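Trainee: Residue-level listing of the chains:
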Amino acid sequence: MDLLYWNISNFVVLVTSLFQLNFIVASCFDKFPAEEKLVLTPLPTNYLLASFMFELDSHSIKKIELDEITNDSNYQAFPKVLGPIFESTNVTELHLKFARGYWDAEKWGKLPNNGEFSGGTGVELWSTIDANSEEEAFAQWEILVNYLSGLFCASMNFIDKTTTTYPQKLFEDTSKYENRYLLRSVLPKEPVCTENLTPFLRLLPTKGKAGISSLLDGHQLFYSPWHSMSIDIKPKLNSSKGELHMSQHIDQLINIPSTFEYFRSPIPKPVSGDALRCDDNKRHDLYYCFPKESINNLSYELKDLFGKEIENRLLIGKGKSEICFDSTEEWKISGVTETIEGISINKEPPFDINLSDKFNVKIETSQSGKVKKIDYPNIFVSRSFTGYREDSGGIRIVFKNPSLERAVRLVYFESLPWYMRIYLHTLELIERLENLIIKEVYFQPSVDRKRPGQIELELIIPPNSIISMNYKFDKSLLLYSEYPPDANHGFELDPSVVKVIGDSSRSEKDYFFRTTSLLLSLPTPDFSMPYNVIIFTSTVMALTYGTIFNLLIKRLINEEETEGNSKNNILKRLKQKFLVKLKSTIQKNKSQQ
Amino acid sequence: MQNNKSSLLKDTKQNINIRIKTYLSFVFTILFIGTPIWLLTTSIYRAVLPIDQISKYNFQNLLTHNNISINIPIYINLPSSDMDSLLSNSQTIINNDLASLIKNSQLTNPNHIYNHLNWSITLKNLKSQHPIPQIDKKNNYILNLKYTDANESYFISPFSKESTIYYTDNIVATNYVADFISKFILNHLLESEIDYYFPQKKQDDQKQDTIAIHAPNYHLSFSLLYGDGDDLNWDIQNAFDTYLKPLFNHLSSFTNLTVNSQIQFYSQLSFEPTFDLSKNAYILKQSDIATFINHDDWNLDNSLISSNSQSHTSFINLILYIPSKTYSPLLIQNSTSNSFIIPQYGAVKILNWNTTQNGPNLSKLDLLPVMEIFTSHIITLFGLPKLPKSPYIRFDILTRFLSIQNIFKSINNLSSLMNLSQSLKNIAIPDKTLYHVQQTLNLIDKTISYLNNGNWSIGCKTSNEALVQSDSAFFEKEMVQQVYFPEEHKFAVYSPLLGPALTILFIGLIRVLQDFR
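Going down the list, the protein sequences come from chains A and B. For reference, each letter of the first sequence is one residue, going 419 to 1011 in the working numbering. For reference, each letter of the second sequence is one residue, going 103 to 619 in the working numbering.
One or more of the hints may lead you astray.
What the hints assert, rightly or not - Covered stretches of chain B (chain A as the covering partner; in silico rule of three or more C-beta atoms under 8 Å from a C-beta of chain A):
| hint | segment |
| --- | --- |
| 1 | 114 to 125 |
| 2 | 276 to 287 |
| 3 | 364 to 378 |
| 4 | 606 to 616 |
In case anyone wonders, no lab produced these hints; they're calculated from the structure. Here the structure is a predicted model, which means the values were calculated and not measured. Yeah, the Cβ is synthetic: ideal placement off N, Cα and C, and Gly gets one too.
Here chain B stands alone, though its shape is the one from the complex:
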């Protein structure tokens, strides 16, 4: 009896071994076959982003390690060949002055992103260049030095990038020629550019807000809005061709432009302007300007269909508003030009045109003052610097600035993408994103090499492409539509399977451990 009982309590060693092996084989199957299959079938595809490479493209790194360096060559046309020492003197003075400007900027605006840009000016002797002066005045900075009997002065040509300094005996005698050249370049020729990168005063963000968001494509829409419904027409095609084409030809050097126009009748104001007896006119107060545009009613929506262009297009609305006869004349308070800018949106000009007195047709000449005001507003909206007078130099400055800004934005996009992919572990990363990231990196490299070699216009276009690519990487459709499957739901679905299975396995484990003892 005693023997029998012990045999009941304790199985044979062989049987226990078999049982343990069976148990372990279950655990093995679950761990090494079940779990991998489960992980494999429920995993989300994540392409491997080149994280190391992206972090290498940190914008501040690019600036401080001199990867981006902008070097502007200025060809100096010296009156005589024995003035070579003057060139090297001026160069030293420019370098010193620039260094102090940069230092001052870093102190006053320590957080300004472009503070550490490697930006320099190199003076070259025009006559020592080979081949000799076959240099295009519209593409290269040329500085002529000329002697004059009168007062010392300077002149910047509005038709090219050429400028002239007139020096006098007085300056030569006091040995100030080199200083004069340096002052001219830093304080007049390229002052606006220096102000972009190395602002000397505390920065205010106000100015930046007005500028339309830079995009590779711009769409400008001219609208004639009329408060009444009688006949009215404008010769916009001719006015545009004559007055605005030159400006647009410049603008197209760094961006793609499209333009259209429309006339809208019965465009009534959404509020009643107040009548001012002293001016004998209706007055639009500054506070009314914010609500001037009647978005519900005025059909100002802009849309383009071409593939992918919508998100990379900046729209600028230029509105010529002719008030109805009941509210005419309409004047804007404190505005001599009777116009205003709507930041990042466009500009409005109010024209008091009486169709019964002036006729129904706005001719090209009638539109001249309007187009002048529009030109000024377009320049502001595009963020063109106000100085110097030469449009060539102004566009050049903007081109360089935009290229660097685009690089900054692209890198910003990429690093946001990287942060996003690292912080959201269950977001899908399709191969397309990877492709766009690689494209962006390539294009940034290209832009930098163009900028370093002085090909600013191509550099700007390349940087635009980089921005488009980085945007497509970040706003990839498949990535944005994240699979939303809350954890509770997963638990609810798995628990009927995992609950019983694991309980059985756990009890099995206890039994096996008992046996083992």
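Pulled out of the complex, with its shape left as it was, chain A reads as follows:
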């Protein structure tokens, strides 16, 4: 180590001895502000909702200046890979959601956490950015999407001006801040898969190797009928030092029997005859079998649901690591703790897995249909296309308020691609109660290739009513190069977002949910067309050219003038000879007969 003695020996040793007194004070570190929780909620017809929550606080993150040596960014629990976003851009909030599948609200009720963390089909990103102008905000947004695209292996780099909207009423109100912009974009076509889960887990301080996150597995998660992953980074409440709060959520809907089956044999095989469960009250023999109503007796462990066990306990952090169970008394839950002393059974959820060495949860019930009372949303919204033409169409949105006495106030947000040219004057409500129902309209018409259309409506849906809203649009032709590969598949439209405004007098929270995405088919050309056109036009041009050229160059001679000339023509003489020969051979043949 002789090469460093100029540094260490000359500068350091003196200084350290001076600082030794301070050292005791300096060594009082914070523990990590991380927490995690898994909530299991049984749902009717043997479904189960598993909600994973990971909460994390960062230390202060400061802007990096390239001109000076800065070492202010000491990352501990907060992932360093997300740091550059907050160090080098003016992004203040970041919300990223990946989701796939269908959540049937009429069957399962409200989305978990009031829908705050559940996305619509595909990838959804929204963020608030501090900037002096919209252009500047967009430039930062572009940097952000490109960065996230690489980080999460998603095609977020395809987010551009044509897909980015600026919601006014939907999320938080940015007008109270000066120079703050809220940008949002959705990629409804994006397939969410393991490639997105791996970087998601790597952001956790445990990297999916300990605590409840060790249960997560790509195969199991993406096998489920509905799943949503989200990352939400916000400035920490009541903090001015640039500290951030990050929460990561994974919600998945598990079909219990089908999951058992999946782990039993990952490749589905037909069930053998004697293993079929037939309804005894109806006719059943070798050929007939009416399925029995769903199984009521259930008994399983965490391992049966997730295919994995909790591997290590969570040691990092001062926060808790909990497993909770949300259901009725018909369900018997027991936490099995394995320590060196032996196995002990703890009956009361929530279970704190921080305390035990090895932990498992056993779930048993004889009446799986008896679950907690389902909390249905106040409103159901569905959206569909109307019309059958290639050049125009319409959209119908149906709002259903089943409540007998309560009206529902909501914000309906929809962003439409520019190639859907909508006519706002065709917007109509079937009941003709526009004035009573529509409170506010924010509409931004689309600009071709520059900006998507944006509709934001504040509505009040009266009690016990079904209201349908229609509007019409034209489909436009795209340029040849603008069609994506497999254009005949159609173009996905972003799921529209509904925010049900909570009644503040009842201290209700806002409830968010998204409709399904729609598949719009545009008039699609035959893609060999340009070549055909070029070749066809060329041929026509060549023909015209040839005719004109011949007209100008060729000599015109009358028919009489040519007659005398024709005797000398070699072709004519040959033809004559041939005809004479032909005639003579025919006559010969005839005479022979």
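Here the structure of chain A is known, so what remains is to put chain B in place on it, guided by the hints.
Mentor: For chain B alone, kept in the frame of chain A given last:
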């Protein structure tokens, strides 16, 4: 009848003339109106690069024509004013010795690129300078001559660029003072620099490979990787401020630096180390070192967002690895410091820290040995010379070397660009490229003038900018995305038009020629 026939075969002279003129007008239209329009509408924009100027900036030309000349002034503090002749004597000896060193280098390494550099040392009398000795010791080389009774010796100050030679009667008597000065300067003070430009031995590329690729910006990332998940923390901020700040202040004289740190838990090894009973420890074999870093799992990716900085930033990863309790203690085979360098990437130090015995906090003092090792590795990765002891002189040597290296790289970029544009005739050359090329040439000129005037630190920063500019010229986005349109496709599209049109024209030509005869 006979008359009629001949009139049929032969048109009137007037008509033939008209026909020929019509035909020629067609040819004229196609050649002088159609073809230019076609060329104009299908051409690719190519800015005219200053090819003459670029080829004038051939690196070897710059060296051999003495455009770049590095002249290091050394101020000699003579003990008495009657020793002026000593100065000129030493100067001659230095010049001769240096010439022989250069000659030897050119013979042993004929392909070494810096062989022909005009590099010289000028000795100046400190006391004859006007204004007299207001010379900053940290910016100028000062050599004190002092008389001593004891043995002759020398001393290089670690706090400045000052050095002292102690001479004795013995040397004075044998008239070796001038020789002594020359030996000291060439063999001790600036030996490393001479070795950069004029290597005396056959060059091996091994050393160069270790050094991180020089870039205008450096980003250093300190990572604490822990194999387990129990509480662990380090006082990196304090340790950095105390132990590494002085080094970084020096480094920032020629480059921009950013630093950050992180802690990662559950960073498990991708292989199982073997247990050695004799050492009672797990052993990391030399062969395991190559696969030590678990890139899939360890979150070591570095990224910066700031505009354009990614491509001009060199990342150095300094990793403190604390193995999990199952694989503790972990030792690297044949390594006393328990650390290793990963060429051009960073360095790893393995620390066996037991959190149950030593507690969860790595204090500043616990980090001192780690920081010492990191310092040594940073110095290697930055390519700093190992001698002399004074950091001021070492950084000075590196600054000069980097400036020249940057000029070489920039010129290399430009000539590659020139070759590219000449060999690919249908590559677009946007105006931006031209702008960057001109900027590079200007900056190279500036760097050279700074170097010739001895402003090495500014010269180095300017040369960094030149390198950035030449990179942007070469990696211009519009240029890289070359229009790919194969010749067959062109033929397929044009043939329906050109085929019939040319056939008609050709037959027309035959007819006209017949008429003409």
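Trainee: Does the structure break any of the earlier hints, and which numbers would those be?
Mentor: As far as the earlier hints go, only 2 is violated by this structure.
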